[in-house]
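Undergrad: Residue strings, one per chain:
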Amino acid sequence: MSENKKWYSLDLGLNKTKKSSGTCGCGNAEGSCSSTPKKEEELSPDEFYEAAINASIGEERHKDGFDQVFDVKMDRRSAFRKLTASLLIGAGAVSTSCSVTTGDKSKEKAQIDWEEQFKGNYKLMTDEEKQGTIERLMRSYELRTDKNISMTAENAAEDVLFGYAFNISKCQGYMNCVSACVEENNQDRNSEMQYIRIHEMKDGEGFKFDKADDNYYHEVPAEGHFYMGTQCFHCDNPPCVEVCPVQATWKEEDGLVVIDYDWCVGCRYCMAACPYDGRRFNWSKPEVPENEVNKNQHYLGNRMRKKGVMEKCTFCVQRTRKGKNPACVEACPTGARIFGNLLDPKSTIRWVLENKKVFRLKEDLGTEPKFWYFMD
Amino acid sequence: MGIFKVFKSLVIDSLDTITKGSAKYHLWMGFLTLVMLIGMYCYSIQLEEGLSATGMSDRVSWGLYISNFTFLVGVAAAAVMLVMPTYVLKDIDFKQAVLIGEGLAVAALIMCLAFVVADMGGPSVLWHMIPGIGVFNFPNSMLTWDVIVLNGYLFINISIPFYILFKHYQNKEAKKSVYVPGAILSVFWAVGIHLVTAFLYQGLQARPFWNNALLGPRFLASAFAAGPALIILVLAVIRTFTAFKIEDKTIKKIAMIVTVAAQINLIMLVSELFKEFYAPTHHSESAYYLFFGLHGKTALLPWIWTAIPINVLATIILTFNKFRNNLKVLYVCCGLLFVAIWIEKGFGLIVPGFIPGPYGKIVEYLPSGIEIGVTISIWALGAFVFTILAKTAIGIELGELRYKDKNAENV
Ligand code: SF4
Ligand code: SF4
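Protein chains in written order, with UniProt numbering: chain A, 1 to 376; chain B, 1 to 411.
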């Protein structure tokens, strides 16, 4: 990290060896630093727990002794849960889940809803807890619709930092990316929510966003126009994350800025803080026809949302953590979209960054987007 | 044990006073209750349908609720303008006014919290924000700071008047050594709540209209004009309808505060306008939208061009001693000022922050009927709470409400 600068800058790890890949950041190669490097295999339960905390809360840990706070928090939360539970039992509000007359299924459903209502923040969960919640969510979907979905809680892989590049010369404004995104990410069909916006601009006027049209319905490419797409840029210094009062949104180890839909309280502060129009809010209950639901889901990605929570592009976390490209990249017929691992010197995205004249939007804000534009 | 008994009797006595009153009083309370019920119905629709029942959208994601919240924080903070001289500088004049002022602060804070809750997408998971049980993103998020300072201020403003009234209720003098430190604390705290609320907006580099160093100070100035202006109006009402004595001198002193704050506010407005329009940059677009409209979109023009002239007019009138000392003129000016600042610091501040959007897109905002219903009912809630507090306080101060200890020799 460049210590001489007061402001933040994106660190692609170009100038250093692997020292920052561990989560401790002390740079001690001998391993005398207390935090264990993440190794998926052969970990004792204790080490595993430790690594899981490291993976999920990252640098915060050595910032403020998060460890203790973490433990206390979980204890208090379960105490709170027990307390409310007993109160409600007293009030007879859980009668459905206790009564003998209701069926096993509705009992189970009530049990699941209960645990989901009072679960913690995903960011702070251990891997077992993450597994627990996705299992509950899958079961609950099955109970409600008699259909199965598959949901994962895959964590970020080591030595991965996702980045994106957009070739303005190639984009023709077909918007295949937009529809692929909507389908992949189970976005609300009623309000026609779209993460990606394609801006149509006039040749010869340069980037005049205020004159651009991001809601066109005519044949493309229109004469005398060029196109560029925007979406969440997964800033490396994301203002949206700073402002969230409950840490319902955060930056993962692989650079994805994600949201825990179940933890979000819907204050929309992050939306006001995002300089790139990256976030979308569920103003009403999102609806996707059952036969169009994408059933390969990730907890932080395209699982079904509810009304009153924030969502946004996740670089298709459900695909990219499995080594695939995001849906928009795959759908683009012109090859304008390039995605990859910024830490892999052999990746296409690195080639673009090193060989093209790339730029980013609103660089002066210091948000360090991991989304570059370039032209042929 | 004794304290508990006194408290019980206080509750019973105050319940007794607030349920009794003139026909006008009952009419007033009945009207407020009706408005609140309508608002609750509107809110139930909003809960059912989600926030799509409001006029807000992805492009303008905060609206009437947050506007009112912002404005009311200012009203709450203004109580301090009265607390300061009374408790600390021993200015006897203000003594009665200050209880009213603090009652107003409590009512304003309750309205603030109600507006925030009304604005939430997920009120059922609000416990995520409770420190210790949920995850409190302190100190990174200014919203968490705001939660702390608002609740702290609410606590201070409830406990100080409660202590004084509780003592008076028992025919005892309130101890200075107890409430003066609290009063001093609340002075700093009031500045704090307003600055922190301004920082909520000021800290967003994404919104150039807010990201402006003058926002905090301007918040303070406008708050110290609008808040005491409201207090003057309330005192005027109380003077006419109850036996509670408020001297002209007190009102005139508060009017002085209003005037100075309104003048400072105008100076800052000029400075802001100069910056936006002398050398307009891309970042002045929101201001252009607010004052002149942008690309034919002009929804805010009638509002702001109502607010600015009456603000200037009221300030100029108040500046002249002759007019200010005429109570009739004073009341009108206070009313005008209050409305002007409500528009300017509410609507005129929040909505243009989102217009044009991050990429220059202009989508206008108009509150929906549901939103207006909820908003009005929260104001009614505030008036309701304030009436109850004021009625009890006035009863105690007038000596109508007194603890009757059976063992005590004097009644
Ligand atoms: S583009 Fe907006 S939503 Fe996405 S990370 Fe940056 S600030 Fe957050
Ligand atoms: S809307 Fe949700 S994610 Fe955004 S700041 Fe509020 S709680 Fe956090």
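Hints were generated in silico from the structure; no laboratory data involved.
Everything numeric in this text was worked out from a predicted model, so none of it was measured.
All residues carry an ideal CB built from backbone N, CA and C; glycine is no exception.
Hints are not guaranteed to be accurate.
Some chain A residues well away from chain B (every beta-carbon gap over 10 angstroms; in silico) [stated by the list, open to error]:
{"id": "1", "residue": "D11"}
{"id": "2", "residue": "H199"}
{"id": "3", "residue": "D214"}
{"id": "4", "residue": "P275"}
{"id": "5", "residue": "K285"}
{"id": "6", "residue": "S347"}
{"id": "7", "residue": "R350"}
Below, in silico cross-link-like pairs of lysine-lysine (BS3-like), each with a Cα-Cα straight-line distance of 27 angstroms or less [as the list claims (entries may be wrong)]:
{"id": "8", "chain 1": "A", "residue 1": "K208", "chain 2": "B", "residue 2": "K167"}
{"id": "9", "chain 1": "A", "residue 1": "K208", "chain 2": "B", "residue 2": "K404"}
{"id": "10", "chain 1": "B", "residue 1": "K297", "chain 2": "A", "residue 2": "K362"}
{"id": "11", "chain 1": "B", "residue 1": "K361", "chain 2": "A", "residue 2": "K170"}
{"id": "12", "chain 1": "B", "residue 1": "K297", "chain 2": "A", "residue 2": "K211"}
Undergrad: Check each numbered hint against the structure and report the violated ones by number, ascending.
TA: Hints 2, 3, 4, 5, 8 and 9 not satisfied by this model.
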